[in-house]
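Undergrad: As you go down the protein sequences, you meet chains A and B in turn. The numbering used here puts the first residue of the first sequence at 1, with every later residue one more than the last. The numbering used here puts the first residue of the second sequence at 1, with every later residue one more than the last.
The hints are simulated quantities; they were obtained by calculation from the structure and are not laboratory data. Computed from a predicted structure; not experimentally measured. We put the CB at the ideal spot given by N, CA and C, even for glycine. Certain hints may be false.
Stated by the list, open to error - Example chain B residues on the side facing chain A (calculated, C-beta under 7 angstroms, incomplete):
#	residue
1	A17
2	E34
3	Q134
4	L136
Unchecked claim - Cβ pair distances, simulated, as ranges:
#	chain 1	residue 1	chain 2	residue 2	range
5	B	G55	A	T364	27 to 37 angstroms
6	A	D89	B	S145	50 to 60 angstroms
7	B	K144	A	A412	23 to 33 angstroms
8	A	Q282	B	E140	38 to 48 angstroms
9	A	L365	B	R53	27 to 37 angstroms
10	B	K144	A	L128	52 to 62 angstroms
11	A	D245	B	P128	51 to 61 angstroms
12	A	V115	B	R156	53 to 63 angstroms
13	B	A130	A	D245	34 to 44 angstroms
14	B	E140	A	A412	19 to 29 angstroms
15	B	Q134	A	N238	40 to 50 angstroms
16	B	R155	A	D367	36 to 46 angstroms
17	B	S139	A	S281	47 to 57 angstroms
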Amino acid sequence: MIAKALAGEPPLRIDYDAVRTSGRRRQARRHLGIAGAAALSVVAVVGAAVTVSQFGAGPATDDPADPASDTVVSAPSSTAPGPSVSCADLPVPPGALGRAAQAGPASAEDELQAVRLSEAFSRATLPLPPGVSAEPERPPLCPTSSGSWSTRFTLRSPAGDRGVFLSLVRSRAPGYRDCTLLATAVDCRVSTAADGTTVRILVTPPDRPDVPVRVEAAGWRPDGTAVSVLETGAPGDNPAPRILDDDALTRILTLPELGLSRSAPASTTTSAPVSLPQAPSQRMADRLTATLTTGTVVPSGMRAVQVPQARVPALAFFVSQGGYKLTADLVDSQGAGNLFIELSPPAPDGMAPRCFGPDCEAITLPDGRPGVLARTIDGQVVTLTLNTVSPTGTQVSIMSRNRSAVGEQKSAGPTRRTPPLGRDELIGIAINPGQHW
Amino acid sequence: MPDRDLEFRAYFEARAAVLRRTAFLLCGDWHKAEDLAQTALVRLYVAWPRLHRDGQVDAYARKIVVRAAIDDSRRWFRRRETAMGEVPDIQAAAAPGVDDVIDVRRALAELPPGQRAAVVLRYWEDLPVAETAQLLGCSEGTVKSQAAKGLAALRRLLAAGRPVLREQS
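Kindly generate the complete structure, drawing on both the sequences and the hints.
TA: What follows is the structure, given as structure tokens:
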């Protein structure tokens with residue numbers, strides 16, 4: 001029942017690099033804070049001395065690295081094609097609090113597409129009202145790890161600054177393109193542009209004077225590109241009003257320069273349409289259990305033992321977190337180890353499993369599907385994991401560990417020398433054709 | 001790439017979407033869910049060595065998301081954040097009925113934050129009562145009653161809107 005609420009899950013846009021960068025900054029701030037507390041009095045003295053020494057001096061020279069100077073000096077205008085800043089240097093516009101940064105690890109094809117899009121977009125004319133300018137003037141379209149391209153810029157107007165976030169993704173028809181799922185407080189309208197693009201514009205009016213109005217426009221274009229534009233602002237005593245009207249938003253959504261090239265192959269993150277399976281049910285769990293044969297899962301000489309966490313007999317699937325899980329201890333004369341199988345709904349971005357870490361191998365299963373086989377060692381606990389995706393998109397993860405799950409303590413050591421199932425046995429389970437729903 | 005980054009990246013790939021789903025069930029907005037999940041992941045990165053060593057990664061991430069979602073949903077201006085303006089790319093034919101989706105989302109949104117969290121943690125995350133209580137900072141008895149009340153309210157809300165769902169729930 002609860003899983004139904006997840007229908008229409010959009011592609012994941014959390015960017016790994018952005019998370020890591022933010023994490024490092026946070027860590028650095030924490031370290032600085034510790035050091036700073038100890039040195040606070042020294043800093044105060046030095047700061048006072050500097051203030052006194054600069055008193056009466058002329059204005060400081062412009063430091064290009066000083067972000068404050070960026071806000072005063074606008075980017076020089078140029079007729080040369082190409083973006084005026086790099087993805088790494090893309091400034092954060094107002095209203096960007098908490099949103100993911102754009103750049104991320106992308107496939108070579110997506111990088112090429114980004115170069116082409118950025119050059120094209122730099123030649124496009126943004127339909128800005130008189131007196132309004134964009135900064136940076138020609139922002140780049142940056143590829144993300146989830147197979148989309150995005151950028152952001154600030155609209156400067158006499159009434160205040162607003163932030164614009166623009167992203168492109170290959171559209172997978174038909175999708176929800178109406179206003180059905182929206183809260184009643186949101187003003188939503190759908191129209192068809194002259195070029196056939198379906199345009200949906202949502203306006204979330206502020207319910208407090210210090211909250212900026214939020215405008216979101218989505219366009220599903222005939223060329224297969226889905227474009228979204230979010231215009232928002234920073235909260236404050238007098239937040240800037242909306243700048244782009246419906247017509248301007250529609251013109252941005254239909255800019256020919258924003259079409260994703262069909263010549264460039266779609267990366268693995270966007271090629272397959274995502275379809276939601278039925279909500280998990282115990283009946284389906286029983287059917288999945290029936291597809292497992294003891295001979296396939298439990299090698300000769302081993303026996304399967306129920307673990308308390310499963311709340312079901314050994315080698316039986318149970319419903320969990322919108323998918324199905326199976327956990328059992330496999331026991332032989334060497335001791336007990338754990339087998340864990342997880343079947344999850346298709347990834348929202350259709351992402352295929354990828355390899356990370358030194359002890360990871362991208363493999364091809366006997367039935368032709370790609371898989372990733374990883375081995376991790378934590379102390380003496382060895383875990384073998386095989387991740388793959390079923391033909392229907394179900395994410396399959398099979399794990400074998402040399403530590404029993406019975407009475408499992410996170411800090412406990414191994415309960416046998418090696419994981420109970422090796423590479424071949426994991427592959428044998430992975431190619432079970434019934435392992436999806 | 002350092003080991004820490006490799007391990008964290010593997011975790012990120014495996015769990016970011018799951019974290020976002022849990023956050024969405026708690027807050028009902030994909031944008032906000034993404035922000036909550038991202039915040040949790042950033043904090044995880046900072047505390048990764050300790051959490052990874054203690055095997056507490058999932059619990060810590062869940063705690064951040066749940067507490068942030070509850071705090072946020074208690075703010076009076078939360079309605080501002082209920083817009084769903086994503087560019088959705090899900091095949092409509094394969095998705096559950098739109099009416100069902102709306103019903104479940106609305107019903108979840110109707111629950112008080114505490115009940116919603118208890119329902120999501122118990123029946124979506126499959127957490128035991130004790131762990132749910134620890135995460136929510138309340139007693140096990142409170143979790144049981146909150147979850148029971150929440151589930152009953154969900155059923156009542158859904159049944160009131162769509163009689164057909166009574167059987168499914």
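Undergrad: Does each hint hold? Answer for all of them.
TA: Evaluated hints:
| no. | hint | verdict |
| --- | --- | --- |
| 1 | A17 | 5 angstroms, holds |
| 2 | E34 | 6 angstroms, holds |
| 3 | Q134 | 14 angstroms, violated |
| 4 | L136 | 17 angstroms, violated |
| 5 | B/G55 <-> A/T364: 27 to 37 angstroms | 33 angstroms, holds |
| 6 | A/D89 <-> B/S145: 50 to 60 angstroms | 53 angstroms, holds |
| 7 | B/K144 <-> A/A412: 23 to 33 angstroms | 29 angstroms, holds |
| 8 | A/Q282 <-> B/E140: 38 to 48 angstroms | 26 angstroms, violated |
| 9 | A/L365 <-> B/R53: 27 to 37 angstroms | 34 angstroms, holds |
| 10 | B/K144 <-> A/L128: 52 to 62 angstroms | 57 angstroms, holds |
| 11 | A/D245 <-> B/P128: 51 to 61 angstroms | 53 angstroms, holds |
| 12 | A/V115 <-> B/R156: 53 to 63 angstroms | 56 angstroms, holds |
| 13 | B/A130 <-> A/D245: 34 to 44 angstroms | 55 angstroms, violated |
| 14 | B/E140 <-> A/A412: 19 to 29 angstroms | 25 angstroms, holds |
| 15 | B/Q134 <-> A/N238: 40 to 50 angstroms | 44 angstroms, holds |
| 16 | B/R155 <-> A/D367: 36 to 46 angstroms | 42 angstroms, holds |
| 17 | B/S139 <-> A/S281: 47 to 57 angstroms | 32 angstroms, violated |
When the structure is compared with the earlier hints, violations turn up for hints 3, 4, 8, 13, 17 and for no others.
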